[in-house]
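Undergrad: Taken in sequence, the protein lines are chains A and B.
In terms of this note's numbering, the first sequence opens at residue 1 and continues consecutively.
In terms of this note's numbering, the second sequence opens at residue 1 and continues consecutively.
Honestly, the hints are just simulated from the structure, not real lab data.
Here are the simulated DMTMM-like cross-link-like pairs (lysine to aspartate or glutamate), alpha carbons at most 20 Å apart as the crow flies: (1) B:K69 with A:D176; (2) B:K113 with A:D157; (3) B:K69 with A:E180; (4) A:K161 with B:E73; (5) A:K124 with B:D95.
Just so it is clear, the structure is predicted and the values come from calculations on it, not from any experiment.
What follows is each chain in one-letter form.
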Amino acid sequence: MRLVICAGPATTGKTAVLRNIIRRLLESGNRPAFLKIDVQYAEEDEQIAKEFNIPTKKTYSGELCPDHCGVMVLGDAMLWAKKENCQVLLVETAGLCLRCAPYVDGGLGMVVLEATSGMNLPLKVGPMLSLADIAVVTKIDRVSQAEREVFRARIQDVAPKVRIHEVNALQGIGIDPLVERVLATPPAPERMFLRGTPPVGTCTICVGKKEVGWQAHFGVVRPLDQQTFYRGE
Amino acid sequence: MNIQKMTIFGGRSKSGLPEPVQRLDLNMGDVVSIVGSTGAGKTTLINDIELFADANTPTGRRLLINGEKPPAEYRDNPACNPIALITQHTTFLSDLPVGEFLTIHANIRSKDKSQIEDLVTRTLAFANQLTGEPVQPLIRMTELSGGQTRALLIADATIICNTPIVLLDEVENAGINRNRAIELLRQYRKIFIFVTHDPRIALLSDYRIVVKDGSISDVFHTDEIERKCGERVSVLDDALTNLRNQLRRGERLSQAELESITCA
Ligand SMILES: Nc1nc2c(ncn2[C@@H]2O[C@H](COP(=O)(O)OP(=O)(O)OP(=O)(O)O)[C@@H](O)[C@H]2O)c(=O)[nH]1
Ligand SMILES: [Mg+2]
Ligand SMILES: [Zn+2]
Chain A
1 MRLVICAGPA
11 TTGKTAVLRN
21 IIRRLLESGN
31 RPAFLKIDVQ
41 YAEEDEQIAK
51 EFNIPTKKTY
61 SGELCPDHCG
71 VMVLGDAMLW
81 AKKENCQVLL
91 VETAGLCLRC
101 APYVDGGLGM
111 VVLEATSGMN
121 LPLKVGPMLS
131 LADIAVVTKI
141 DRVSQAEREV
151 FRARIQDVAP
161 KVRIHEVNAL
171 QGIGIDPLVE
181 RVLATPPAPE
191 RMFLRGTPPV
201 GTCTICVGKK
211 EVGWQAHFGV
221 VRPLDQQTFY
231 RGE
Chain B
1 MNIQKMTIFG
11 GRSKSGLPEP
21 VQRLDLNMGD
31 VVSIVGSTGA
41 GKTTLINDIE
51 LFADANTPTG
61 RRLLINGEKP
71 PAEYRDNPAC
81 NPIALITQHT
91 TFLSDLPVGE
101 FLTIHANIRS
111 KDKSQIEDLV
121 TRTLAFANQL
131 TGEPVQPLIR
141 MTELSGGQTR
151 ALLIADATII
161 CNTPIVLLDE
171 VENAGINRNR
181 AIELLRQYRK
191 IFIFVTHDPR
201 IALLSDYRIV
211 VKDGSISDVF
221 HTDEIERKCG
231 ERVSVLDDAL
241 TNLRNQLRRG
251 ERLSQAELES
261 ITCA
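Bound conformation, chain A alone (with noise of 0.2 Å):
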């Protein structure tokens, strides 16, 4: 079975992206099976069931942060797609936590960002972007070529390593690249771990203590002007 994890910030497009993945995927004789961990609503398992005809699932991590959700979830949910006789899993995950990133050795890492969310966006979005295989930009029928431009560079600073790939999701512009990544990735390992350290994931506020200023904890304190802050790597 072959991983591919999608991440990235709300309306990127990372479902429009899996779409075009998916329809061509099947063309190619490759069944994909969809899930999708979301905090608290979606409704893309039940589209993308009834427009392919694939098996989809989605879970909600509530409280959890969604990237660790998928820590919990992925291992069930291989056993799943391979019970599905499907060769792919596609998972997409909402990316909402900038401190962790979702991506597992072994399976492909995939960021999707949008051209339009301004030529800063990708200095803000820390492990999810840096620990990603590829990044997909979406959304490039709408900004100035400029952009489009300074928008790569400013991934490129970021995350040297990480492949860019330009598509529209919309006419399905850039997007045979990414099959072509998808069905180069080798399958995933029968064990398999987080890539990346996740961050720390508690603090004396997440277990209860209110009281302000950094003086009333301890474990992981913050005083303001220390700027120097976990970015799980």
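Mind docking chain B with the ligands on chain A? Use the hints.
TA: Same frame as chain A, but now just chain B with the ligands:
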């Protein structure tokens, strides 16, 4: 790669018939229009070009660059893509001042840092020849009018991006001096392809590609007669623009004025 020529090999029409024009060569320096009614397949043709179609799109068209299959990096590495695209939806989103914005872009494009200032100056000068409303380096990108934005999009793609092929997909012409624009574009050795409904641009082009039923049905070179017609069309078009502006300014129109326009 030094691009000299792009060749389009015909595929099939929407109804499955072989494309009437089976081979079309576009050479560096050509200014080309694509014309056809809505839904005829103009954007599909543009998409085929953008995709470097290799019989792998619904039309079955194939594209060659310099007579050969385009290198894979055109498709796989956006930095090597020789095409700049401006569509009717394309716009600037940045709110930086124009000068600062162009400087950022020029810095990314140009290896020679001593060229940056010159590139920015030339881009602004180019834009200012396309539009009557001056584009100043200190105005914010978001404050540009529609005409100024289009002028700057074209100037930036031509001078800073400097890609050998520029596609303009139904970019609205309001606020752009078209005769001047085409005259200026001719000074750059590139292939400019306009998808257009504007008779003026069509007649100012070297030739126009006619699209029908998803196929290229004809290629018309603008001959001497049409060139002359083009001049008349420009006069009529200007007259109509003046008339429009007159009404906009809240003025009345007289019978005599209308006569003088239609007899021009
Ligand atoms: N113009 C343009 N629109 C696009 C492109 N890709 C996606 N869209 C549009 O962007 C909107 C959001 O796309 P989705 O695919 O739902 O985005 P998503 O990332 O899956 O969104 P969530 O799962 O809700 O976070 C839709 O209206 C798409 O049609 C593109 O390349 N160009
Ligand atoms: Mg989605
Ligand atoms: Zn997290």
